[in-house]
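Number of protein chains: 2
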Amino acid sequence: MRKGDATKARILDETARQAAVKGFGAVSLNDVAEAVGLSKSGLFKHFESKEVMELATLDQGFDRFVDYILGPVGTLPPGRPRVEMIFDRWLDWSEVENAAGGCLIVAASVELDDQPGPLRDLLIRRVKQWRKALAREVKALRDPELSDEEAASVGFQMKSYVLGQADAKRLMGDSTARKAAHAAFAALLDRTVAG
Amino acid sequence: MRKGDATKARILDETARQAAVKGFGAVSLNDVAEAVGLSKSGLFKHFESKEVMELATLDQGFDRFVDYILGPVGTLPPGRPRVEMIFDRWLDWSEVENAAGGCLIVAASVELDDQPGPLRDLLIRRVKQWRKALAREVKALRDPELSDEEAASVGFQMKSYVLGQADAKRLMGDSTARKAAHAAFAALLDRTVAG
DNA sequence: GCTCAAAGAGCACGATCGGTCACTTTCTGT
DNA sequence: ACAGAAAGTGACCGATCGTGCTCTTTGAGC
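In order, the protein sequences belong to chains A and B. Here the first sequence stands for residues 1 to 195, where the numbers follow the numbering used here. Here the second sequence stands for residues 1 to 195, where the numbers follow the numbering used here.
Calculated directly from the structure, the hints in this document are not laboratory data. Hints are supplied without guarantee of correctness; some may be wrong.
[Said to hold, decoys possible] With the Cβ distance kept under 8 Å, some of the chain B side facing chain A (calculated, not the full set):
| id | residue |
| --- | --- |
| 1 | 23 |
| 2 | 37 |
| 3 | 38 |
| 4 | 41 |
| 5 | 42 |
| 6 | 101 |
| 7 | 110 |
| 8 | 127 |
| 9 | 156 |
| 10 | 170 |
| 11 | 178 |
[As the list claims (entries may be wrong)] Heads up, simulated DSS-like pairs for lysine-lysine below, C-alpha to C-alpha not over 30 Å straight-line:
| id | chain 1 | residue 1 | chain 2 | residue 2 |
| --- | --- | --- | --- | --- |
| 12 | A | 40 | A | 50 |
| 13 | B | 8 | B | 50 |
| 14 | A | 3 | A | 50 |
| 15 | A | 179 | B | 3 |
| 16 | B | 40 | B | 8 |
| 17 | A | 8 | A | 45 |
| 18 | A | 179 | A | 132 |
| 19 | A | 179 | B | 128 |
| 20 | B | 179 | B | 128 |
| 21 | A | 128 | A | 179 |
| 22 | A | 3 | A | 40 |
| 23 | B | 179 | A | 179 |
| 24 | A | 50 | B | 40 |
| 25 | B | 45 | B | 3 |
| 26 | A | 50 | A | 128 |
| 27 | B | 179 | A | 132 |
| 28 | A | 50 | B | 45 |
| 29 | B | 40 | B | 3 |
| 30 | A | 45 | A | 3 |
| 31 | B | 50 | A | 40 |
| 32 | A | 8 | A | 50 |
| 33 | A | 128 | B | 40 |
| 34 | B | 40 | B | 128 |
| 35 | A | 40 | A | 8 |
[What the hints assert, rightly or not] Computed beta-carbon distance windows for the label pairs:
| id | chain 1 | residue 1 | chain 2 | residue 2 | range |
| --- | --- | --- | --- | --- | --- |
| 36 | B | 99 | A | 186 | 55 to 65 Å |
| 37 | A | 78 | B | 97 | 53 to 63 Å |
| 38 | A | 48 | B | 30 | 20 to 30 Å |
| 39 | B | 6 | A | 72 | 30 to 40 Å |
| 40 | A | 6 | B | 194 | 56 to 66 Å |
Note that the structure is predicted; figures quoted are calculated from it, not measured. We treat Cβ as the ideally placed atom computed from N, Cα and C, and that holds for glycine.
The task is simple: from the sequences and hints, build the whole structure.
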């Protein structure tokens, strides 16, 4: 059953790409099948419906995201070094790694926030997980640790800057966006560690 | 020709609502026509194509946005009071005024950033206008005025917090989002006015 | 190397997509 | 009040949507 797994992975990657560009609601099975080099009905040997395919795509997208951001930080000491690397890689994720259509999670968040269903449920569940993981790292910025509220506030601002950078860079082609995001983040870190 | 204008306005409002919820690419003429109480072909008496309808929708959406944010600030003195009101109303715009599907501009920005065409061109053009108008107000935060770079940085952070609040509130139901955005913004103002 | 399931192709389905056209109704300017 | 334009309807077009079906090809385990 190894051949099938490889094809499945290609389908998920392609679906993620197209969903990041056009949105989940605008992805057609025909386009995905053609891009992967399959017939439309061939897709159904791997996913029983379009919705199942979308769920698997979003789930794998989150896996890739978390691996990319948190994968390499284990070697660094907790606290500021880790949080700095997380933010840097978070910016990279939107700008460099996913140059094609931007971050799938951001696209899905904006698209699905008003559309109830299993896809939104999955999205919310995994964002909650991510928030928790991020808060854990952020808390270690200070000794004694930051409170839950403080950590949440720092996490909020980090995500805000990531969103701001993606918006400025991707839509407006603003090449200074990364620098702006990084400067705002550095100031945030200084304030947090000091306060 | 007065009856037609009223219908046209209803069509644009409904299209904006649906586009904010599902994205422009997922809006169907049938759904819009039904919601407005027209036949599908009736739409074509007001717009020669779907694309023209989308362009008019986005353009009107921007008009509404700018009017809502900048309309009432004229009575306030330039500088901090105006910028504070702009930010407050900007938050309201995403959270209160457009409870249905969120801010159309944010939705369009994420959806269109990788899809070239007249719709994206219009979006970019109007965002540029908005940036310029915002920078003008932000510069007056200090005397002597902020430099272009400083104003751009403050504008970037303001938009970041707006995006962060929308993300946290709309998708995750985070009721503390507005407070977090406002706290981050207040700190930004203090730093800017002082520095 | 044979077997049998997995992988994939091809076709057809009902529904819906954006859009056209001929027609009727309704409004408006005079 | 009446003429003519504007507003709106319903039927229909070809294309595409997601999905089921039958069939063939391919690959993996014994």
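Check each numbered hint against the structure and report the violated ones by number, ascending.
-> 2, 3, 4, 5, 11, 15, 28, 33, 34, 36, 37 and 39
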